[in-house]
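Add chain B to chain A, keeping to what the hints say.
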Amino acid sequence: MPAIETVALEKAYSVGFWRKKRKQALYSLSLAVEEGEVFGYLGPNGAGKTTTLKLLMGLIYPTRGSAKILGRDISDPWMKAQIGFLPEQPYFYDHLTARELLDYYAGLSGVPGKDRKRRIDEVLKRVALPDAGHTQLRKYSKGMLQRVGIAQAIIHDPKIIFLDEPMSGLDPIGRREVRDLIQALKEEGKTIFFSTHILSDAETLCDRVGVINKGRLRGIGILADLAREVSGKIEIVWHGASARGAMEYLGAKPHATGELFRAVLSEEKMDAAIDAIRKNSAKLVSITPVRVTLEQFFLDKLEDEVPTTIPSEEEVAK
Amino acid sequence: MRQRIGAIAYNTFREAVRDRVLYNLVVFAILIVGSSLIFGEISIGIERQILVNLGLAAISLFGVVIAIFIGIQLVSKEIEKKTLYTVLGARPVRRWEFILGKFTGLTGTLVVNAGFMAIGFFAALLYLTHHFERADGYLLVALYFIVLQFVLITALALLFSTFSTPLMSAIFAFAMFVIGTFAEDLRGFAGMTTGATKYAAMGLAWLVPNFAAFNVISEVAHSVPISGQLVFYNTLYALLYATVCLSAAVIIFERRNFK
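Chains A and B are the protein sequences, given in the same order. Each residue of the first sequence is one higher than the last, beginning at 15 in our numbering. Each residue of the second sequence is one higher than the last, beginning at 82 in our numbering.
Chain A with its partners taken away, still in its complex shape (with noise of 0.2 angstroms):
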């Protein structure tokens, strides 16, 4: 049974001033995630990251498909008392101090109030603040408040952690800390699903990534494997235009800086490359791989695609 299943989900908006306009957010998604899995959903901004975990959440309606979490419908109260979610950009009560908002959660997620103190030691403990607990929240940076957020996320013990951009706004250290706190829920078995824009998270983080983009998603697999679809590129500097032509032919568009020339050319390439500058007595400088950023990755391939390993509409409809 997969920890979370989505069956051609689907969200459109009416918009407009008589809201006769469709506006559609999500298309058709479907997509499994097992238990114990950490799924990073990658898009960019607008993509329909976060309409699909308010979908899952119940804050939203489906228009068409359903999801299911733990084989139950995402509106089933015991299923709700197994998961937890950190929102994009939190903010909490800013009344309360830490403790007090995590005794809240706690008590609402159903934790006993005689286990709710050593659950609030340990989550805050967990999170790197055991001393802030006692300050209002409205004192708080914006980093301490991401922290909190994770806290409220896994103050009742949930078997799924739900997080929408878990590193927006954070400071390098930041960023590092909140990696490290997901590893470590990754190894207790913890399900995690988390969406992010940025790349190198979720390379360091997940099993398997889903890319999402203009509300469809264009791919789902192992990250590396994606990559490769868009990568396996080199980027090649050498010394000398006597071998502008022989890259040429290899395929390659040079840019020319004075003497200094660079080229981006394939990896299976690379050692005709490299006999072409030596044969024309040009000199290498530099071969380094491409890293693919988000945008490139969408930009350069995913822009138009048709999905790669989901499902059509029509086969769903089948």
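Any given hint could be a false lead.
Once the Cα atoms are required to be at most 27 angstroms apart in a straight line, the calculated DSSO-like pairs of lysine-lysine come out as [claimed, not checked]:
id, chain 1, residue 1, chain 2, residue 2
1, B, Lys158, A, Lys156
2, B, Lys163, A, Lys139
3, B, Lys162, A, Lys228
To be clear, the hints were calculated from the coordinates, so they are not data collected in a lab.
Only chain B this time, still in chain A's reference frame:
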């Protein structure tokens, strides 16, 4: 279920009592009660009437202002600041439990506030008359009616806040309060007109809560007894009206998409 509603209610109460605006309003109301002593000084023979009129009116008005001011934000603030997401998204909290918890929390806050203002009021009365009379018991009935008004206003403000912006909710709630205060006059007006105007005025008079029925301030200022029947009907009316408002709020809230 009770634990979750209780937790939401307590959090709402705690949020309200930690808000400085609330203290300003309560202190201001107590000051008005106190100042009515001065007005009493210059109105020979009717000091008690002045104190009761001004004091109870101040408690009522400031309570209504607090009920509207906090009530309109009960839901919209949670949506705007996304605190609602962590409550409804990943906790076994049903939407109707959230609405009921919020309502209970604000009503509790208003009762406690009214209690503090009433203590100030009775202290002023004791200072003026040096002793309590049997007729002063009716003041408690008047205070009870004021609390029932708070229940109605809170339910209305909460209803508006489930589908409207805070500003619009405030305008709606305040308009309902003003029209409701003159509901009896509106019924009188309907009786004097004909055609569409008659039905419009009559419809409006029945739609808005009849706050006039809860206003017994001038009666108790003159030590006129309040009948048990009125207490019973007002209680029943307030409970029914609040239940209808809350049910409508729940129906709207259940269907909402929190974009």
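Each hint tested on the structure:
As the CA atoms of lysine 158 of chain B and lysine 156 of chain A are separated by approximately 19 angstroms, the hinted pair is consistent with the 27 angstroms bound. Among the hinted pairs, lysine 163 of chain B with lysine 139 of chain A is consistent with the structure: their alpha-carbon atoms are about 25 angstroms apart, no more than 27 angstroms. With a CA separation close to 26 angstroms, the supplied pair lysine 162 of chain B and lysine 228 of chain A stays within the 27 angstroms bound.
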